[in-house]
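**Student:** Given next are the chains, with one letter for each unit.
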Amino acid sequence: MITEHFPALQIVIPLIAAPLCILLRWRNVPFGIALVATWSAFIISCLLLGQVMDQGIISYELGGWAAPWGIEYRIDAANAMVLLIVSGIGSVVVPYTRNSMLLEYIHERHYMFYSAYLLCLTGLMGVAITGDAFNLFVFLEISSLSSYVLISLGFDRRALTAAYQYLVLGTIGATFIVIGIGLLYHATGSLNMLDISQRLEINGYDRTVVAAFAFITVGTLLKLALFPLHLWLPDAYTYAPSSVSAFLAATATKVAVYVLLRFFFTIFGAEFSFETLPSGPPLMALAIIAMFTGSFVAIFQENIKRMLAYSSVAQIGYMILGVSLVTVNGVAATVLHLFNHALIKGGLFLAMGCIYFRISSHHIDNFAGLGRRMPLTMAAFVVGGLSLIGVPLTAGFISKWQFVLAALDRDLWWVAALLMMSSLLAVVYVWRVVEQAYFRSPPAGSEAVTEAPTSLLIPTWVLVGANIYFGIETELPLTVSRMAARALLGTQ
Amino acid sequence: MDIVGLYNYWIVIFLMMAGFYVVIARGNLIKKLVGLNVFQASVFVLYISMGKVTGGTAPIIAEGITNYSNPLPHVLILTAIVVGVATTALGLALVVRIRQAYGTIEEDEIHKLDDDS
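Going line by line, the protein sequences match chains V and H. Just so we're aligned: 130 in our numbering is position 130 of the first sequence, and the numbers increase by one with no gaps anywhere. Just so we're aligned: 1072 in our numbering is position 72 of the second sequence, and the numbers increase by one with no gaps anywhere.
What the hints contain is simulated information worked out from the structure, not anything from laboratory work. As the structure is a prediction and not an experimental result, all values here were calculated from the model. Please note that the accuracy of each hint is not assured.
Stated by the list, open to error - Within a straight-line C-alpha distance of at most 20 Å, the following computed SDA-like cross-link-like pairs (lysine to any residue) qualify:
{"hint": "1", "chain 1": "H", "residue 1": "Lys1112", "chain 2": "V", "residue 2": "Gly189"}
{"hint": "2", "chain 1": "H", "residue 1": "Lys1052", "chain 2": "V", "residue 2": "His186"}
{"hint": "3", "chain 1": "H", "residue 1": "Lys1052", "chain 2": "V", "residue 2": "Arg157"}
{"hint": "4", "chain 1": "H", "residue 1": "Lys1031", "chain 2": "H", "residue 2": "Val1095"}
{"hint": "5", "chain 1": "H", "residue 1": "Lys1031", "chain 2": "H", "residue 2": "Leu1015"}
{"hint": "6", "chain 1": "H", "residue 1": "Lys1112", "chain 2": "V", "residue 2": "Arg158"}
{"hint": "7", "chain 1": "H", "residue 1": "Lys1052", "chain 2": "V", "residue 2": "Ser190"}
{"hint": "8", "chain 1": "H", "residue 1": "Lys1052", "chain 2": "H", "residue 2": "Asp1002"}
{"hint": "9", "chain 1": "H", "residue 1": "Lys1052", "chain 2": "H", "residue 2": "Ile1013"}
Stated by the list, open to error - Computed from the model, here is a short list of chain V residues facing chain H with C-beta under 8 Å:
{"hint": "10", "residue": "Tyr164"}
{"hint": "11", "residue": "Thr171"}
{"hint": "12", "residue": "Ile179"}
{"hint": "13", "residue": "Phe292"}
Think of the CB as a built atom: it goes at the ideal place given N, C-alpha and C, for glycine as much as any other residue.
Please work from the sequences and hints to get the whole structure.
**Tutor:** Structure representation (structure tokens):
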């Protein structure tokens, strides 16, 4: 049956589609290939999620080699959720790329763009699906290398330096992870995640495992851009092409958070990660600092795209805060926020791309009067912004609420208070844009600006609409994130 | 503690720190990439040392040999070398483009050009 092979197809379809884009480079063929590949990946990940929710964990042996010797794809609710996020955002952004590229002067090399895009998608999904630690590293590098290429395609020359900086820091992060995996292999003689965790329980945790833990933690935190390891992120997201910013902001750091969850809870086990080694308090401290510095720096940005990038740094703080609580509620809130924040930031960056398409600027001064001239785009930005703040009836509210509940659960009322306070900072930076767009008239003698083309507006509104939909219909994400947290923590 | 017997691990640590230092301390984009390569090379040595079994030979079945080295880390590191080559190639390509766009590959000069514009 074909359904058995869905885990392999999930990865293989975009992987094969990537070189096809270069081979069949005429006219709109690469675009068509990317469209078909991403949407089929999305459908497969939906079906996989359904399968996991019905039947529990799916284990797939690649090439029929039994685990732990062969590579195993092991999908529980956490993987399925991340796969859904990555493929979902990937498929919504593809239709958007076609028109947004016209402006950004990369359309003559569009086939290479789609090839890199599909490779990035493959890598990100591969990280999420695999149950083998070394395989995870390989997929992580596939996604990272292609995302450096995608970022460097930005029109501004600073995109090149941003990509270079990301390449250096990203490679250091990945090398740290591979050192950690090597040390784990040294200690256990296995690369299969489940097998490693079982062997660790039997053999005990010696100094080698502690070193592996340290290397993997630092490497992953670098990849997911937790303060103070976030330096690559603002430049990379600011200067990348609009569609790339939206895709990477919504997926790349999310996948790195998933890697952290997988290593902390599944491989090392919560007891070792948070009781034997005191990782909770430092992570919580860094998360809270990230929440405040990210939001605070965002307030003073003149470049709105950069403002959104700093806001991402703050949002990553929330996710890590959920991890540092080490409860089912906390981890469930993190997984939920992975999903909701992907919708929020995806939507906002796409709206930003619509604006850039018309006014060719990200500077706040040029936003004056846009509320009347581009009503649909600015409305999308406002809804996304409200969701980012966490206003009720938006997706952002649900995850913020879960974070607050999880913090109160642990009697950390001051953490809950800080969460609310940092949300107020988000009000400030979103309001700046709203004020400029709706309450200032455009400068006299400026060119007439019209609404963005429909091909850009539809993907934007799909993501923004999803923010409202999942803000009201909370059943599905809440159930799945709770299942994911239980699967990660190993409790029923 | 056996310090001399673990010499390959000392080499690993030395290479790792030297590479890491070059990446941080040098402002020249090419030199940074060289540092990154040295840093990655240290991991290759680490993995290869791990696979060595004392008295073991290459893992080829032959008469009279019972003790083999573990080939898996060596194979893993082949993959990591490929990743390293790809990273270096991409990094160098970016440096070429940076040089075309800025006319320099010194980090501080690039920052100055960015601040002025």
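**Student:** Look at each hint and say if it fits the structure.
**Tutor:** We went through each hint and held it up to the structure:
no.	hint	verdict
1	H/Lys1112 with V/Gly189	50 Å, violated
2	H/Lys1052 with V/His186	11 Å, holds
3	H/Lys1052 with V/Arg157	47 Å, violated
4	H/Lys1031 with H/Val1095	11 Å, holds
5	H/Lys1031 with H/Leu1015	15 Å, holds
6	H/Lys1112 with V/Arg158	12 Å, holds
7	H/Lys1052 with V/Ser190	16 Å, holds
8	H/Lys1052 with H/Asp1002	17 Å, holds
9	H/Lys1052 with H/Ile1013	18 Å, holds
10	Tyr164	5 Å, holds
11	Thr171	5 Å, holds
12	Ile179	6 Å, holds
13	Phe292	27 Å, violated
Checked against the numbered hints above, the structure breaks hints 1, 3, 13 and satisfies the rest.
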